[in-house]
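Engineer: Since the structure of chain H is provided, determine the placement of chain P on it from the hints.
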Amino acid sequence: AQSVTQLDSHVSVSEGTPVLLRCNYSSSYSPSLFWYVQHPNKGLQLLLKYTSAATLVKGINGFEAEFKKSETSFHLTKPSAHMSDAAEYFCVVSGPGNMLTFGGGTRLMVKP
Amino acid sequence: ETGVTQTPRHLVMGMTNKKSLKCEQHLGHNAMYWYKQSAKKPLELMFVYSLEERVENNSVPSRFSPECPNSSHLFLHLHTLQPEDSALYLCASSQGTGSAYEQYFGPGTRLTVT
Numbered sequence: 001a002q003s004v005t006q007l008d009s010h011v012s013v014s015e016g017t018p019v020l021l022r023c024n025y026s027s028s029y030s031p032s033l034f035w036y037v038q039h040p041n042k043g044l045q046l047l048l049k050y051t052s053a054a055t056l057v058k059g060i061n062g063f064e065a066e067f068k069k070s071e072t073s074f075h076l077t078k079p080s081a082h083m084s085d086a087a088e089y090f091c092v093v094s095g096p097g098n099m100l101t102f103g104g105g106t107r108l109m110v111k112p
Numbered sequence: 001e002t003g004v005t006q007t008p009r010h011l012v013m014g015m016t017n018k019k020s021l022k023c024e025q026h027l028g029h030n031a032m033y034w035y036k037q038s039a040k041k042p043l044e045l046m047f048v049y050s051l052e053e054r055v056e057n058n059s060v061p062s063r064f065s066p067e068c069p070n071s072s073h074l075f076l077h078l079h080t081l082q083p084e085d086s087a088l089y090l091c092a093s094s095q096g097t098g099s100a101y102e103q104y105f106g107p108g109t110r111l112t113v114t
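Note that the protein sequences, when read in sequence, are chains H and P.
Under my numbering, the letters of the first sequence match residues 1 to 112, in that order.
Under my numbering, the letters of the second sequence match residues 1 to 114, in that order.
Don't take each hint at face value.
[Stated by the list, open to error] One-sided and incomplete, this derived list gives chain P residues near chain H with beta-carbon spacing under 8 Å:
#	residue
1	LEU45
2	GLU56
3	VAL60
[Stated by the list, open to error] Keeping only pairs whose Cα atoms sit at most 25 Å apart, straight-line, the calculated DMTMM-like set for lysine to aspartate or glutamate is:
#	chain 1	residue 1	chain 2	residue 2
4	H	LYS49	P	GLU24
5	H	LYS42	P	GLU67
6	H	LYS111	H	GLU88
7	P	LYS41	H	GLU15
8	H	LYS68	P	GLU102
9	P	LYS41	P	GLU102
The set of hints was computed from the structure by calculation and includes no laboratory data.
Values in this document were obtained by computation on a predicted structure and should not be read as measured data.
Cβ atoms here follow ideal geometry from the backbone N, Cα and C, with glycine treated the same way.
With the rest of the complex left out, here is chain H (with noise of 0.2 Å):
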C-alpha cells in the first residue's frame, strides 16, 4: 500500500523569494517518486522524478526536490519564485503497474 499527503492545500510567497512545498510519502516498496504541475484547464506536466538514483533531483523550471528516506520526504523547492509558477502542484508516489497514487495538491500563488 502507499499514501502521500502534501502538508499545504495552498502556499503563497511573493516573486523573487524560495519556494518550498512538502511532501511526505508511505510506500511498502522502494518508491519511484514525482512531482507534476498543473496550470489551469492544462493537463499534468512532469516537472521531475526520482527513481532511486541520486536523491537531489533536478527538474525543469528550476525545480528540485530532495529524496529523503529517513524523513519519508519528498519536498519541492526552488530558490526564486516566477510570476509563471503558479499552479497546482502534485506529489506522486509510484508503485507495482506504475499505478499513480496522488497526493491532494498544493495551490501556489505568486505575489508580485
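Structural biologist: Coordinates of chain P only, in the frame set by chain H:
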C-alpha cells in the same frame, strides 16, 4: 504541449445520453491510463491498459467502459452517468508499466453531467 491529445475538451451530457471520450498518444508508448480529477479530491486512477490489454480496473462503475483498440488510442465510453461523475477526465501514457516510467498526460476532457 505533450504528445497526448484528448477530444472533446469539453462535454455536457444528460444522464440518459451515451458519449465517448477519445485519447491518442503520439509517443510510441505501450501503456495508457484513464484518471478522474474531481474537485477537492485527489486524482483517481480508473483504468490501465498495457499492450492493449486491461491490467487494472480500479473498481470503477460499469457505466464507464474503456476500449483500447491499439496502443495509440484509448476510449472511455459513457452511459447513464450521474451528476457526481462530473469531473476532469485525464488520459496518460507511458513507455511501460514499470514504476520508474513517467506518465505523460493529455489536457483532459471537462465533463459536466446534467
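Engineer: Run every hint past the structure and note whether it holds.
Structural biologist: Here is what the structure says about each hint:
With 8 Å as the threshold, the beta carbon of LEU45(P) comes within range of chain H, its nearest partner Cβ sitting at about 6 Å, so the hint holds. Using the Cβ-Cβ criterion of 8 Å, the hint placing GLU56(P) at the interface with chain H is satisfied: the shortest such distance is roughly 6 Å. Because the smallest distance between the Cβ of VAL60(P) and any Cβ of chain H comes to about 14 Å, over 8 Å, the interface hint for this residue is violated. A C-alpha spacing of about 24 Å is found between LYS49(H) and GLU24(P), which places the hinted pair at or below 25 Å, so the restraint holds.
Our distance criterion of 25 Å between C-alpha atoms is met by LYS42(H) and GLU67(P), whose separation comes to about 24 Å. With a CA separation close to 15 Å, the supplied pair LYS111(H) and GLU88(H) stays within the 25 Å bound. At roughly 29 Å between alpha-carbon atoms, LYS41(P) and GLU15(H) are farther apart than 25 Å, so this suggested pair is violated. Of the pairs offered as hints, the one joining LYS68(H) and GLU102(P) holds, with about 20 Å between alpha carbons and a cut-off of 25 Å not exceeded.
Restraint check for LYS41(P) and GLU102(P): satisfied, since their Cα atoms lie roughly 22 Å apart, inside the 25 Å limit.
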